[in-house]
Amino acid sequence: MKEKIFINARIIDPSQNMDEIGSLILNDKGKVKAIGKNVKKTDVGSGSELIDLKGNVLTPGLVDMKAFVGEPGYEYKENFRTLSHAALAGGVTSIVTMPNTKPIIDNVSMVDFIIRRGRDKANVNLFPCASITQQCEGKLMTEFGLLSGRGIIGFSDVNKTIQNTELMARIMNYASDIGVLIMQHAEDYELSKNACINDGEIATRLGLQGVSALAEKIIIERDLSLLSEYPCRYHINQISSKQSLDVIKKNKINGKQFSAGVSINNLALNENDIGDFKTFLKLSPPLRLEEDRLALVQGVKDGLIDVIVSDHLPEDEESKRLPFAQAATGAIGVETLLPLSLEMYHNESLPLNKIIETLTINPAKILKIKKGSLAKGSDGDICVFDLEAPWKVNAENLKSKSKNTAIEGRNLQGKVLMTYLNGELVYSV
Amino acid sequence: MAVKKNNTAIKNSPKHLLGIQSLSIIEAKEILDEAKEFIKLNRSKSKKLDILRGKTQINLFFEPSTRTQSSFDLAGKRLGADVMSMNMDNSALKKGETLIDTAMTLNAMHPDLIVIRHQDSGAPNLLSQKVNCAVINAGDGRREHPTQALLDALTIINRKGKIEGLKIAICGDILHSRVARSNIYLMNMLGAEVNVIAPKTLMPKSINRMGVNSFTDMKKGLEGCDIVMMLRLQNERMQGSFLPSKREYYEFYGLTPEKLKFAKKDALIMHPGPMNRGVEIDTKLADDINVSLIKEQVELGVAVRMACLKKYCK
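Chains as they are written, first to last, in this note's numbering: chain E, 1 to 429; chain U, 1 to 314.
Among these hints, one or two may not hold up.
As the list claims (entries may be wrong) - Straight line, CA to CA, 25 Å or less: simulated DSS-like cross-link-like pairs of lysine-lysine:
1. U:Lys130 <-> E:Lys401
2. U:Lys219 <-> U:Lys259
3. E:Lys392 <-> E:Lys376
4. E:Lys121 <-> E:Lys399
5. U:Lys259 <-> U:Lys295
6. U:Lys265 <-> U:Lys220
7. E:Lys252 <-> E:Lys392
8. E:Lys102 <-> E:Lys31
9. U:Lys36 <-> E:Lys278
10. E:Lys29 <-> E:Lys160
11. E:Lys242 <-> E:Lys354
12. U:Lys265 <-> E:Lys278
13. U:Lys200 <-> E:Lys242
14. U:Lys246 <-> E:Lys193
15. U:Lys295 <-> U:Lys314
16. E:Lys193 <-> U:Lys205
17. E:Lys403 <-> U:Lys314
18. U:Lys36 <-> U:Lys295
19. U:Lys200 <-> E:Lys193
20. E:Lys252 <-> E:Lys403
21. U:Lys77 <-> U:Lys246
22. E:Lys29 <-> E:Lys376
23. E:Lys242 <-> U:Lys220
24. E:Lys121 <-> E:Lys31
25. E:Lys401 <-> E:Lys37
26. U:Lys130 <-> U:Lys36
27. E:Lys278 <-> U:Lys77
28. E:Lys403 <-> E:Lys278
29. E:Lys102 <-> E:Lys41
30. E:Lys121 <-> E:Lys37
Claimed, not checked - Derived DEER-like restraints, expressed as beta-carbon distance ranges:
31. U:Gly224 <-> E:Gln257: 54 to 62 Å
32. E:Ser225 <-> U:Glu258: 32 to 40 Å
33. E:Lys392 <-> U:Phe252: 21 to 29 Å
34. E:Gln298 <-> U:Ile25: 40 to 48 Å
35. U:Asp287 <-> E:Ser225: 41 to 49 Å
36. E:Asn194 <-> U:Gly80: 50 to 58 Å
Source of the hints: derived by calculation from the structure; they are not laboratory data.
From a predicted model like this one, the values you see are computed outputs, not experimental measurements.
All C-beta atoms in this analysis are idealised placements derived from N, C-alpha and C, irrespective of residue type, glycine included.
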C-alpha cells in the first residue's frame, strides 16, 4: 500500500479535541502516521499519493452501535455485502450487528459462523452482539464469558426487554464480574401490549394502541436501581422520551456509570410525521412528541445521551405494506445516519463536534474498541464529507437491499464523498 | 319519486369515503341532503332504483357485523347494483393472504365499489391505495365509522331539524370506539357542542385536542344535552381489566331515567348497537319510543348508505 496524504482537510476528531484545517498521513500499513495543522506535504516521500480534500471535512470512520444484518436467515432483507455498501456510502466503517437473526446468535457456533461469513462477505469492521438471553426469550442467560471470548462485543436482546427483575439482577450481577457490556432495550411489556405508536393525540386520531413513555422510564429506573447493586457495563440502547432523559440526568448527576443511545429517527422525526398510516415510520421505540424530540436533542448536547445510532432495520416491502398494527417495525438508516444528523448542525441545534463525537469516539469508548479516532497509530478508517452539499433522499438510490427509509423525499444537506477502510478507498461518489 | 338527479357541481370530490376526518362539510351536507330523499323512497312501496344498474359492489367484511353489513347490502340492492358480500373471517386471510393480495384479486374483477370493515385501523386507507374503485369504510379498528356518524347526524336532523347549536353527549367506551371518533368529527363539523363521558380508563389520551369537553361524571356531562349517544361496552372490558365490574359501571355510567333527567327535558337517546341492556342502558329506556331513536337509526342507516354509494360510485 502506498503512503497517502490528505491535504486541505477540515479535520474533526473529537477524540483529540481537534477541529482544524490540516493534513493527515496514512503509512503504508494503512495506519495514521501524522495528523493536524502542522503536518506538511513535505513530510511524505515522493512516491506517496496526494489527496486534496479542498476544505471538505475529514473525520474518523463512523461507528454505528445498532444495525441489523439479515444474515443468517433474512438474507432477503439485507446481507453482509449490501449492508457494507450502505454503511460505506454513509461514512460508517464500524458496525455493531444485532443478534436477532434466524437462528439467533446465542451460542458459540453461531458466533464463529457470522465472524467467518462477515470476514468473507463484508467490507466494514463488524462487531457482533450476542443475545443476553437464549433465543432472546428473556428467560435464561447466554454464555457471556465464552461468547465474548469468541469475539462478541456486547449483549443485547435487540428490541426485546428482560422483563423479569430477578433475572435482570442476576444478569447484571454476573456481567459485573466478567466485564461484558449489557445493552438493554427499555420497554415494559405490560404497558406496551399491542402498542405500535406513541400514546397521544395521533394514537387517538388514528385509532391505534399507543404506548406511554412510562413503559420506557419504568425499565430504565428499575435497571439503574439494580445498577447500584451490580455495577456492570450497562447501556440503554435507545431512549425516546423526555421522561427517560430526566431519569438519566438524575442518575448521571449522582455519579452512576452507564451510557445511553438514541436513534437518529427519534432526533429527526416526531409522531406527526406518521401522517396517514405511514408504516415506514412505525418504529420501536416509537416516535414521540416534538417536545420529546427537542429534549433528546438537548440531551445529546448536554452529554446525557452518549451515542446516536441508525437503528438500521431493513424490512422488505411485504412486511410493511400491511395495516399499521400488523406492519413490521423499523427503518433503514445506516446510509443516511450522518447526513440526517448534520441536519441538527445546519439548524443550529447541535455543534458539529458534538455530532461527530456521538458517532465516533463515544461509541468506541463504550464498546472498548480502538476505533472512532484518528490519533497517531490508529487504523486508517476515514470518512470525508461535504458539509454543505444538498441532496434529496430517494429510496431507490439507497444501497440497502430493503428500501424502507423513514425519510423518503427529505432534503438533506451534507454528503459523504469518500470512505476509507484501513487506509484503502472503499467508497467514493 | 323525488330523488335528485345528481350533484355534479362539486368537482374533484374524493374518490373514497375513508373517514369523516377527510370529509369536507360540503360533502357531508351533500350526503345528508341526498339521504333525506332516500328516506322517503325507503318508506314507499316501490323501493328499487336503477341508479347503480350495472355497477358491482363488494362488501368485504373482515369482522362480523349484522346491521352495517345488511344495511350496505340492502342499500346497494335498492340502487340496482350487483352486490356481493364476502365474509372474510374464514376465508383467504386464514390461508396467509394479505389484505393487499385480496385487494388485488378483487380489483381484477372490476368492482365499482368496495365496502370494507376491518379490525385494523387504517386498513381501508391501505386498500384504497391499491384498487381502482371507490372504497367506503364500514368501520376500521377503533379509528372511524363514517357512515354510522352520518346516519346518526341524519337521525338527529330528522328529529331536531338541525345539528348546529345542539349539545351532544357521547358516553361509554370512547377509547375503543370508532363510532365515537367519527361522531366527534362530524358533530363538531356540523356545529354541535360535544361532551364525551367515560371512566378514565376508557378515555383516550389528548381527547380534548379533538375539540370536545370530557367528563368522568356522567351527570355533569349530560347537563343541558339535547342528544345522548350511548356506546357499546364489550363484556371482556368489564371484568377487571378496564373496570371493576358490570354493576359498578352501570351504577356510574349506565343510562337510567334518573341520570337522563340531568340532560334537557326533550333529550333523545341514541345507540349504534348492538346494545347491552342493563349494562350501558336501562332496557325500558332503550325501547321508549318517546326518547329512544335507536330503531330510527337503523332505518335511516340504509338511506345514508344509499347516498354514500351513489356519491362515491363514479
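Here's how the hints hold up against the structure:
1. A C-alpha spacing of about 24 Å is found between U:Lys130 and E:Lys401, which places the hinted pair at or below 25 Å, so the restraint holds.
2. Distance restraint check for U:Lys219 and U:Lys259: the Cα-Cα separation of roughly 6 Å lies within the 25 Å cut-off, and the hinted pair is therefore satisfied.
3. Taking the CA atoms of E:Lys392 and E:Lys376, the gap is near 36 Å; set against the 25 Å cutoff, the hint is violated.
4. Taken as a hint, the E:Lys121 and E:Lys399 pair is honoured in the structure, with Cα atoms around 16 Å apart against an allowance of 25 Å.
5. Restraint check for U:Lys259 and U:Lys295: satisfied, since their Cα atoms lie roughly 22 Å apart, inside the 25 Å limit.
6. Between U:Lys265 and U:Lys220, the direct Cα distance comes to roughly 15 Å. Compliance with the 25 Å bound is thereby established for this hinted pair.
7. At most 25 Å may separate the alpha-carbon atoms for a hinted pair to count; E:Lys252 and E:Lys392 exceed this at roughly 39 Å.
8. In summary, the hint linking E:Lys102 to E:Lys31 is not supported, as the alpha carbons are separated by about 36 Å, beyond the 25 Å threshold.
9. For the given pair, U:Lys36 sits about 37 Å from E:Lys278 by alpha-carbon distance, which is inconsistent with the 25 Å threshold.
10. Note on E:Lys29 and E:Lys160: the hinted pairing is violated, with a Cα-Cα distance of about 41 Å set against a maximum of 25 Å.
11. Distance restraint check for E:Lys242 and E:Lys354: the Cα-Cα separation of roughly 20 Å lies within the 25 Å cut-off, and the hinted pair is therefore satisfied.
12. For the given pair, U:Lys265 sits about 47 Å from E:Lys278 by alpha-carbon distance, which is inconsistent with the 25 Å threshold.
13. Taken as a hint, the U:Lys200 and E:Lys242 pair is honoured in the structure, with Cα atoms around 24 Å apart against an allowance of 25 Å.
14. For the suggested pair U:Lys246 and E:Lys193, the alpha carbons sit about 24 Å apart, so the restraint of at most 25 Å is met.
15. A threshold of 25 Å between alpha carbons decides the hint, and for U:Lys295 with U:Lys314 the separation of about 31 Å lies outside it, so the pair is violated.
16. For the suggested pair E:Lys193 and U:Lys205, the alpha carbons sit about 16 Å apart, so the restraint of at most 25 Å is met.
17. About 35 Å separates the Cα atoms of E:Lys403 and U:Lys314, which puts this hinted pair outside 25 Å; it is violated.
18. Note on U:Lys36 and U:Lys295: the hinted pairing holds, with a Cα-Cα distance of about 17 Å set against a maximum of 25 Å.
19. Note on U:Lys200 and E:Lys193: the hinted pairing holds, with a Cα-Cα distance of about 19 Å set against a maximum of 25 Å.
20. Pair hint E:Lys252 plus E:Lys403 does not hold up; C-alpha atoms about 38 Å apart against a cutoff of 25 Å.
21. Taken as a hint, the U:Lys77 and U:Lys246 pair is broken in the structure, with Cα atoms around 40 Å apart against an allowance of 25 Å.
22. Restraint check for E:Lys29 and E:Lys376: satisfied, since their Cα atoms lie roughly 13 Å apart, inside the 25 Å limit.
23. Restraint check for E:Lys242 and U:Lys220: the C-alpha separation of about 35 Å exceeds 25 Å, so the hint is violated.
24. Taking the CA atoms of E:Lys121 and E:Lys31, the gap is near 23 Å; set against the 25 Å cutoff, the hint holds.
25. Proximity of E:Lys401 to E:Lys37 is assessed by CA-CA distance (about 40 Å); at most 25 Å being required, the pair is judged violated.
26. For the hint pairing U:Lys130 with U:Lys36, the CA-to-CA distance comes to about 33 Å; that exceeds 25 Å, so the pair is violated.
27. With a C-alpha separation of about 36 Å, the suggested pair E:Lys278 and U:Lys77 falls outside the 25 Å cut-off, and the hint is violated.
28. Of the pairs offered as hints, the one joining E:Lys403 and E:Lys278 holds, with about 14 Å between alpha carbons and a cut-off of 25 Å not exceeded.
29. Proximity of E:Lys102 to E:Lys41 is assessed by CA-CA distance (about 51 Å); at most 25 Å being required, the pair is judged violated.
30. The straight-line distance between the Cα atoms of E:Lys121 and E:Lys37 is roughly 37 Å, outside the 25 Å bound, and the hint therefore fails.
31. Checked against the hint of 54 to 62 Å, the pair U:Gly224 and E:Gln257 passes, with Cβ atoms roughly 60 Å apart.
32. About 50 Å separates the C-beta atoms of E:Ser225 and U:Glu258, a value inconsistent with the hinted range of 32 to 40 Å.
33. For E:Lys392 paired with U:Phe252, a C-beta distance near 55 Å fails the hint of 21 to 29 Å.
34. Our hint of 40 to 48 Å for E:Gln298 and U:Ile25 holds, since their Cβ atoms are close to 41 Å apart.
35. A beta carbon spacing of about 57 Å between U:Asp287 and E:Ser225 contradicts the range 41 to 49 Å that was offered as a hint.
36. Roughly 42 Å separates the CB atoms of E:Asn194 and U:Gly80, a value that falls outside the hinted 50 to 58 Å.
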